[in-house]
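Engineer: Each chain, written out:
Protein chains: 2
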Amino acid sequence: MDNIKNYVGQNKDRFINELIELLKIPSVSADSAYSQDVINTADAVKASLEKAGCDHVEICETPGYPIVYGEKIIDKNLPTILVYGHYDVQPADPVELWTSPPFEPVIKKTDLHPEGAIFARGACDDKGQMYMHVKALEYMVQSNSLPCNVKFMIEGEEEVGSPSLAWFVERNQDKLANDVILISDTGMISNTQPSITTGLRGLSYVEVEVTGPNRDLHSGLYGGAVANPINVLAKMIAQLHDENNHITIPGFYDKVEELTRDERDEMAKAPFSLDAYKQALDIQDVYGEATYTTNERNSIRPTLDVNGIWGGYTGEGAKTVIASKAYAKISMRLVPAQDWNEITELFTRHFTSLAPKGVRVKVTPHHGGQAYVTPIDSVGYKAAALAYEESFGIKPIPVRSGGSIPIVALFEKELKSKTIMMGFGLDSDAIHSPNEHFGIFNYLKGIETIPLFYKHFTELSK
Amino acid sequence: MDNIKNYVGQNKDRFINELIELLKIPSVSADSAYSQDVINTADAVKASLEKAGCDHVEICETPGYPIVYGEKIIDKNLPTILVYGHYDVQPADPVELWTSPPFEPVIKKTDLHPEGAIFARGACDDKGQMYMHVKALEYMVQSNSLPCNVKFMIEGEEEVGSPSLAWFVERNQDKLANDVILISDTGMISNTQPSITTGLRGLSYVEVEVTGPNRDLHSGLYGGAVANPINVLAKMIAQLHDENNHITIPGFYDKVEELTRDERDEMAKAPFSLDAYKQALDIQDVYGEATYTTNERNSIRPTLDVNGIWGGYTGEGAKTVIASKAYAKISMRLVPAQDWNEITELFTRHFTSLAPKGVRVKVTPHHGGQAYVTPIDSVGYKAAALAYEESFGIKPIPVRSGGSIPIVALFEKELKSKTIMMGFGLDSDAIHSPNEHFGIFNYLKGIETIPLFYKHFTELSK
Chain A
1 MDNIKNYVGQ NKDRFINELI ELLKIPSVSA DSAYSQDVIN TADAVKASLE
51 KAGCDHVEIC ETPGYPIVYG EKIIDKNLPT ILVYGHYDVQ PADPVELWTS
101 PPFEPVIKKT DLHPEGAIFA RGACDDKGQM YMHVKALEYM VQSNSLPCNV
151 KFMIEGEEEV GSPSLAWFVE RNQDKLANDV ILISDTGMIS NTQPSITTGL
201 RGLSYVEVEV TGPNRDLHSG LYGGAVANPI NVLAKMIAQL HDENNHITIP
251 GFYDKVEELT RDERDEMAKA PFSLDAYKQA LDIQDVYGEA TYTTNERNSI
301 RPTLDVNGIW GGYTGEGAKT VIASKAYAKI SMRLVPAQDW NEITELFTRH
351 FTSLAPKGVR VKVTPHHGGQ AYVTPIDSVG YKAAALAYEE SFGIKPIPVR
401 SGGSIPIVAL FEKELKSKTI MMGFGLDSDA IHSPNEHFGI FNYLKGIETI
451 PLFYKHFTEL SK
Chain B
1 MDNIKNYVGQ NKDRFINELI ELLKIPSVSA DSAYSQDVIN TADAVKASLE
51 KAGCDHVEIC ETPGYPIVYG EKIIDKNLPT ILVYGHYDVQ PADPVELWTS
101 PPFEPVIKKT DLHPEGAIFA RGACDDKGQM YMHVKALEYM VQSNSLPCNV
151 KFMIEGEEEV GSPSLAWFVE RNQDKLANDV ILISDTGMIS NTQPSITTGL
201 RGLSYVEVEV TGPNRDLHSG LYGGAVANPI NVLAKMIAQL HDENNHITIP
251 GFYDKVEELT RDERDEMAKA PFSLDAYKQA LDIQDVYGEA TYTTNERNSI
301 RPTLDVNGIW GGYTGEGAKT VIASKAYAKI SMRLVPAQDW NEITELFTRH
351 FTSLAPKGVR VKVTPHHGGQ AYVTPIDSVG YKAAALAYEE SFGIKPIPVR
401 SGGSIPIVAL FEKELKSKTI MMGFGLDSDA IHSPNEHFGI FNYLKGIETI
451 PLFYKHFTEL SK
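Line by line, the protein sequences give chains A and B. Okay, so the first sequence: first residue is 1 according to my numbering, each after it adds one. Okay, so the second sequence: first residue is 1 according to my numbering, each after it adds one.
Some clues are possibly wrong.
One copy or two, either will do: identical chains are not told apart, so a pair holds if it fits within one copy or between any two.
Said to hold, decoys possible - No more than 27 Å apart at the CA atoms, straight line, and that leaves these computed lysine-lysine pairs for DSS-like:
1) K357 / K278
2) K175 / K51
3) K109 / K362
4) K76 / K357
No lab work stands behind these hints, which were simulated from the structure alone. Owing to the predicted nature of the structure, the values given are computational and were not obtained by experimental measurement.
Let the hints inform the model, and build the full structure from the sequences given.
Structural biologist: Following this line, the structure appears as structure tokens:
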């Protein structure tokens, strides 16, 4: 423990500067305008893995963006850890809300990050958390303390639903063979209370298009006489929740497992202040499904949110027009046992049925993934718990996250191994939002904690 | 009648080319990016009035865009006609739906315009219909047949609610003194069935902003736990109509006059084919307030339409975000006796009351205007009816339009004179829409008909 602390202390500035260089590349996978940047980022990750001490690193082509694979095999008889991460990032917009340019990283102090945090798109999700693993490997190689084999699989399409990853995993089962999968793409409760994510929600993401008249119309001459696609879309969206904020899609909840009172009481023990939560978001009150707490609403319950909506005249001033088309992007977060393909079908059938005769509706599935729950009695979980405890001096709490990493369920299916999610970011780090940041403390603490996982996992696997 | 027909025949090409030059200037008053073009258009209108034979023309500055005033006073004892029109146009977007650039006029034949129509933003609304009056004056001056005095007041802010016109009219009552106001900014039933617009709807146009959390949030970590401004906005918009498509704003209908069965039967006599209407718009069915016909819904009934909506991620691909803000532009068409200021207040109070505690709502009034109905026994109406009958060979039908010309009510109040709306465009001319056009037949027929109004109005005024 002291050795790694010292090593991190001596190389702190370099570790930060290397990450900053990586963050300068705008690897936005959702927007084809950045495709060259995404590819350049893959090359940068490859170089960093070689520098860190991998024996073999390659850029693996896929139908989409490439996957960076690296490995260091020291002994076939020792366990193998597969590290997964992603080098692509979310779009930065709304850019005008960033206090500093999203791809010009700067270090600023915040209340939660008194030692400073790196502000940049991807700082926490996931370049920063992915790069912790690269630096942890560097340390273990330099200090000759790597206790087992390690493989890296760093993809560039996570923020658009990992369309090529399944394709890659199915074709490379031997190459990816492992005893445990390690991911840092989640968060922890606080810098003084680490936690391990034991559950992820699934996802179904669709785009809907409502078409009324075949052209934009003058709202005076046609107003009130034809179905207005925007009004209709609003009405259809409104009907997706009832007065208790239950989702109204028939069959939506059929496979949702109700947690026992005990399980819910256990969850409720995690430290949480509703006042602090409301204050941090500057909202008068929370809002969600009746009879569930905030922490239940965003973890063990499925949800439906409109992520974007547009139609008609959105420019300066006023235009008295009835639009021909209105659009929305809608995503549903799913819980274990809900199948995202089935949910997508249920949504499509229900949403289409809500349309009045005066309009036509098109639903286009974007992507999705299954939910996941990992047992807390596995070797991997125990090793992670010991690592956090040794590094933070306090036992980590298992938590179910509301987020989705669609490929985790796929890994278990294809690679037959458990995934351990060791997150070091905070919910307040504004991932997917303007001013995303990652604490210097969290970044360095992650680099310190990861080698401890390697140690404990190897020992517990004996 | 023959003289004017001959004159139009001889000068047809020049009349068309002059209008095309005017249409090339993108005088979009809603978008400040075009402010210089708007001003240049005022200068072009001034020049055209001088060329047509006005004795005195001036550019009158206002707090907003200038008003072009012109006059030809031949005898203080003769009646005076005040011609009102506007030289500004609606925004052209969505530009990608235009089959030819909106400000590069081209002549194309259509089923309804076998002699061809000029396609350009403003072709019909209102540059084309305004310019008919300039050319009609030219004829009367050239042929020495102007029977009365004429004044022109051509503004540049009609498409944004004429914010400066009231200011101008109140300060220039003597200058604008007249016996009748003549406007061509409406339509007629068809090229074989002329009609005179006897009613206009009022307007209240507002913009709403719904704010939830103080920043965009990750929809996985917060989805289901906080009010999503887009879902909330959709729910609020949906609640503005009930299941019969009645507007739910308390007090909204209090001052709406119900027409008698006889009046409604009279209206129903206007030629109208619901099938042709649906086919022209490519819609399976119409949609609107229960117990009213299509022609009633868009003329004698008040309506509420969302003209634009936006919020969250609207770019390419998928972004799992909960937006901090969502916006909509909403307009209400009003009928006589509904006061637009009062309705704006009723809307604001009601809409704000629909918001759950988790969001903040801001309603910003854009502009508005009162509805108007003109009696059909006035000298002006009779003169217009005779002019159409002489020119088209068939009696015109009085119709109530669904559109709004907010300043017509103002004219009656300030200038104490009736307004006659002689429209020559067709509803299918796509005003406010991509591919706006104005039939060559309609343009020339208007130029031929207007001098007949001057003749009959002067005679009937004796």
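Engineer: Checking each numbered hint in turn, tell me which of them this model violates, lowest number first.
Structural biologist: 3, 4
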